[in-house]
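Residue-level listing of the chains:
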Amino acid sequence: MLEAINISHTFSDSTPFSRQVLNGLELKLAPGEVVLLTGPSGSGKTTLARILAGLVRPERGTVRINGEDLYNSDGRRLATTDRVVVAFQYPERQFFANTVWDELSWGLRVGYGMEGSEISRRLSKISEDIAFPLAQLADRSPRSLSSGQQRKAALVSLLALEPQVLILDEPLAGLNVRERRRVVSLLQQWNRGNRTMLVIAHELELFLGWVGRVAVMAAGRLTFCGSPTELCQTNDPVVRQTASLPPMVELSYYLKQCGFSKGPVSADSATVRRQLEEALTQLRHNSEAGTKLIPPKKEKPSVL
Amino acid sequence: MVSIEFNKVTFSYQDGTEEPVFSDFDLSITAGEWVAIVGPSGSGKTTLLKLMKGLLQPQAGEIRINATVLAAGELNHLAACAFANPENQIVSPVVAEDVAFGLENMGLAPETIQVRVEEALRWVGLWERAAHFSHHLSGGEQQRLILAGALAQQKKCLLLDDPLCMVAGRSRTEILNLLKSIQAREPCTMVHTTHLLEEALLAERLVALENGTLVFDDSPGRFLQEKELVEQLGLEVPAIADLGEMLARRGLVEPGEVITLEQLLELLTVPGPKQDNEKE
Numbered sequence: 000m001l002e003a004i005n006i007s008h009t010f011s012d013s014t015p016f017s018r019q020v021l022n023g024l025e026l027k028l029a030p031g032e033v034v035l036l037t038g039p040s041g042s043g044k045t046t047l048a049r050i051l052a053g054l055v056r057p058e059r060g061t062v063r064i065n066g067e068d069l070y071n072s073d074g075r076r077l078a079t080t081d082r083v084v085v086a087f088q089y090p091e092r093q094f095f096a097n098t099v100w101d102e103l104s105w106g107l108r109v110g111y112g113m114e115g116s117e118i119s120r121r122l123s124k125i126s127e128d129i130a131f132p133l134a135q136l137a138d139r140s141p142r143s144l145s146s147g148q149q150r151k152a153a154l155v156s157l158l159a160l161e162p163q164v165l166i167l168d169e170p171l172a173g174l175n176v177r178e179r180r181r182v183v184s185l186l187q188q189w190n191r192g193n194r195t196m197l198v199i200a201h202e203l204e205l206f207l208g209w210v211g212r213v214a215v216m217a218a219g220r221l222t223f224c225g226s227p228t229e230l231c232q233t234n235d236p237v238v239r240q241t242a243s244l245p246p247m248v249e250l251s252y253y254l255k256q257c258g259f260s261k262g263p264v265s266a267d268s269a270t271v272r273r274q275l276e277e278a279l280t281q282l283r284h285n286s287e288a289g290t291k292l293i294p295p296k297k298e299k300p301s302v303l
Numbered sequence: 000m001v002s003i004e005f006n007k008v009t010f011s012y013q014d015g016t017e018e019p020v021f022s023d024f025d026l027s028i029t030a031g032e033w034v035a036i037v038g039p040s041g042s043g044k045t046t047l048l049k050l051m052k053g054l055l056q057p058q059a060g061e062i063r064i065n066a067t068v069l070a071a072g073e074l075n076h077l078a079a080c081a082f083a084n085p086e087n088q089i090v091s092p093v094v095a096e097d098v099a100f101g102l103e104n105m106g107l108a109p110e111t112i113q114v115r116v117e118e119a120l121r122w123v124g125l126w127e128r129a130a131h132f133s134h135h136l137s138g139g140e141q142q143r144l145i146l147a148g149a150l151a152q153q154k155k156c157l158l159l160d161d162p163l164c165m166v167a168g169r170s171r172t173e174i175l176n177l178l179k180s181i182q183a184r185e186p187c188t189m190v191h192t193t194h195l196l197e198e199a200l201l202a203e204r205l206v207a208l209e210n211g212t213l214v215f216d217d218s219p220g221r222f223l224q225e226k227e228l229v230e231q232l233g234l235e236v237p238a239i240a241d242l243g244e245m246l247a248r249r250g251l252v253e254p255g256e257v258i259t260l261e262q263l264l265e266l267l268t269v270p271g272p273k274q275d276n277e278k279e
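If you read the sequences in order, they're chains A and B. Per numbering that gives the first Met the number 0, residue 0 is the first one in the first sequence, and the count goes up by one each step. Per numbering that gives the first Met the number 0, residue 0 is the first one in the second sequence, and the count goes up by one each step.
These are calculated hints, taken from the structure and not from any lab test. Owing to the predicted nature of the structure, the values given are computational and were not obtained by experimental measurement. Ideal Cβ placement from N, Cα and C applies to all residues, glycine included. Heads up, some of the hints might be wrong.
Claimed, not checked - Below, a list of computed lysine to aspartate or glutamate pairs in the DMTMM-like style, where the Cα atoms sit at most 20 Å apart: (1) B:Lys49 / B:Glu4; (2) B:Lys179 / B:Glu203; (3) A:Lys255 / B:Glu265; (4) B:Lys49 / B:Glu73; (5) B:Lys154 / B:Glu103; (6) A:Lys255 / B:Glu261; (7) B:Lys49 / A:Glu91; (8) B:Lys49 / B:Asp25; (9) A:Lys27 / A:Glu67.
Stated by the list, open to error - Derived DEER-like restraints, expressed as beta-carbon distance ranges: (10) B:Asp14 / A:Gly115: 29 to 35 Å; (11) A:Gly112 / B:Ser22: 41 to 47 Å; (12) B:Ala66 / A:Ser140: 34 to 40 Å; (13) A:Gly115 / B:Met245: 50 to 56 Å; (14) B:Arg248 / A:Arg220: 44 to 50 Å; (15) A:Glu229 / B:Glu127: 30 to 36 Å; (16) A:Arg220 / B:Thr16: 49 to 55 Å; (17) B:Arg63 / A:Arg59: 56 to 62 Å.
Said to hold, decoys possible - Examples of chain A residues toward chain B, derived with CB under 7 Å: (18) Arg18; (19) Gly41; (20) Ser145; (21) Gly147; (22) Gly173; (23) Asn175; (24) Arg177; (25) Cys224; (26) Met247.
Extracted from the complex, chain A is given alone in its bound form (with noise of 0.2 Å):
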């Protein structure tokens, strides 16, 4: 659905402030799968959105859509990159009308052609979704609205035009833990429609129980593309290091690294829960049998 094959780019090429950011990266992303990307800050996650969304011609390598090479010949980028919508990492940047239901309806009104009541429906509908005060501030200025405000608005005015591929820069940032559940569980439906997602997020413990891949970016590279169960279990240093794996599967993985759970690292936080409970029940009998309880400090895996 949407490839990219063996990208690298530059900034400021050929001057003394050039930056490779990307180096010969691989992704690709089959129909309807959800792929979360994630990765330290300056690791080229929003530049790879940006170049398989069709907004930064790659210096090096192919992005095809639907099979099509998305740039000709000529260097000329094909229509189809109708297709995929891309929500910003800095929603302010995509603001451009008066008020927030010019905003919000724009896509659908000019890009779509749609009617009035339609165009009510589907804004309506999204935004009572994850919780956006649609009637409330329709007419503000979407740039005086809070920031998470601001980022739910821009996610309606996306959402709202139902594409077949998404492609989510940090759409949880500056939101709440309660609007961050309704925005994730919003996308899961999505998922479930068959639609094609790129998530870039740091939240990895609101996606890793549905998501099928998780990669991992540093430096310019994917350090990692699996599912998240193989992401969970891994005993490589630097992936885990870079993808800042939630601190429950920290907890999972350190104790099965102990030897205290047999069971495999666990993201969910039910089981990590028991598996805690089984190693405190471990730890208090060896004390009443007399041994000693703990694993030796050198052994301690290095999770932090």
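We have chain A; now place chain B onto it with these hints.
Just chain B now, kept in the frame of chain A:
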């Protein structure tokens, strides 16, 4: 150090024509305190920080900085700020120059500026990018640059508006721990807004806002006990703190003792005497 006091502050946008964000709002922050501010989107967190800096002026009431009323149109020069959106704050095309900009305005000597720029960029992990274009930095790196600019000023008051919301979990923890150690070494007043309870737990005091009203003002540990309020504000007790509470219920630790992964692993590695005393 800097104290901040709000006395019956009323503020609304558009020169008072909009619904007020704050009405008769009182808040008093003691010099040297670290206060975390939480609350849903649109509850007034950013507005509160802007009022503290003097970027916005109240229509009624007064804001006192170190007991002196902040006059209309006057900026609070004792405070350095970092807001969530770096695009409005980065002024220089080169990373190191951007940090130096604030220091030059303070009239510091070039040698001092050099030292401080390097120190601040090292703190946030951007020193090796010092000579790069600031617009080549990623979103998370730009946020760190803004924070470096604020830290380099070495003011006795830091106002941070969700300053690291685009920085990945691990680096965020590292930078916050660093802030904590800086604050411990050279006490300064810190006001810090966040959407994550994990971050708010680092502060000494937690203030929760809802629609411009103060709905909680006490220690972060006490806030965790207020289950309904936590839920009402759209927040969640961090998973590890939740486990810590389970351990506390069993008498293995004190309530509020374990809130981070480090603390929990420490406990598993070196069992405290309490564990030995524990009987079913």
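Comparing the hints with the structure gives:
A hinted pair counts as satisfied when its Cα atoms are at most 20 Å apart, and B:Lys49 with B:Glu4 qualifies at roughly 14 Å. About 11 Å separates the Cα atoms of B:Lys179 and B:Glu203, which keeps this hinted pair within 20 Å; it holds. For the given pair, A:Lys255 sits about 16 Å from B:Glu265 by alpha-carbon distance, which is consistent with the 20 Å threshold. Taking the CA atoms of B:Lys49 and B:Glu73, the gap is near 12 Å; set against the 20 Å cutoff, the hint holds.
For the hint pairing B:Lys154 with B:Glu103, the CA-to-CA distance comes to about 14 Å; that is within 20 Å, so the pair holds. For the hint linking A:Lys255 to B:Glu261, the alpha-carbon distance of about 16 Å falls within 20 Å, and the restraint holds. Proximity of B:Lys49 to A:Glu91 is assessed by CA-CA distance (about 19 Å); at most 20 Å being required, the pair is judged to hold. About 16 Å separates the Cα atoms of B:Lys49 and B:Asp25, which keeps this hinted pair within 20 Å; it holds.
With a C-alpha separation of about 13 Å, the suggested pairing of A:Lys27 with A:Glu67 holds against the 20 Å cut-off. The beta-carbon spacing between B:Asp14 and A:Gly115, approximately 33 Å, falls within the hinted interval of 29 to 35 Å. The supplied range of 41 to 47 Å is met by A:Gly112 and B:Ser22, whose beta-carbon atoms lie about 45 Å from each other. In this structure, B:Ala66 and A:Ser140 meet the distance hint of 34 to 40 Å, their C-beta atoms being roughly 37 Å apart.
Between A:Gly115 and B:Met245 the CB atoms are about 54 Å apart, so this pair conforms to the stated range of 50 to 56 Å. In this structure the hint that B:Arg248 and A:Arg220 lie 44 to 50 Å apart at CB holds, the actual value being about 46 Å. Taken as a hint, the range 30 to 36 Å holds for the pair A:Glu229 and B:Glu127, whose Cβ atoms sit roughly 32 Å apart. A:Arg220 and B:Thr16 have their C-beta atoms about 53 Å apart, which keeps the hinted 49 to 55 Å range intact.
Range check, B:Arg63 to A:Arg59: about 59 Å between beta-carbon atoms, so the 56 to 62 Å window is met. At its closest, the beta carbon of A:Arg18 sits 5 Å from a beta carbon of chain B; the interface hint therefore holds under the 7 Å criterion. Of the supplied interface hints, the one on A:Gly41 holds, with its beta-carbon coming within about 5 Å of a beta-carbon of chain B, less than 7 Å. The closest approach between the C-beta of A:Ser145 and any C-beta of chain B is roughly 4 Å, which is under the 7 Å cut-off, so the hint is satisfied.
For the restraint placing A:Gly147 at the interface with chain B, the shortest Cβ-Cβ distance is roughly 3 Å, inside the 7 Å limit, so the hint holds. A hinted interface residue such as A:Gly173 counts as satisfied when its beta carbon comes closer than 7 Å to some beta carbon of chain B; here the least separation is about 5 Å, so the hint holds. Annotation: interface hint on A:Asn175 holds; nearest CB of chain B at approximately 4 Å, less than 7 Å. A hinted interface residue such as A:Arg177 counts as satisfied when its beta carbon comes closer than 7 Å to some beta carbon of chain B; here the least separation is about 3 Å, so the hint holds.
A distance limit of 7 Å between C-beta atoms decides the matter here; for A:Cys224 the minimum to chain B is near 17 Å, and the interface restraint is violated. The beta carbon of A:Met247 is positioned within 7 Å of a beta carbon in chain B (closest approach about 5 Å), and the interface hint is therefore held.
Checked against the numbered hints above, the structure violates only hint 25.
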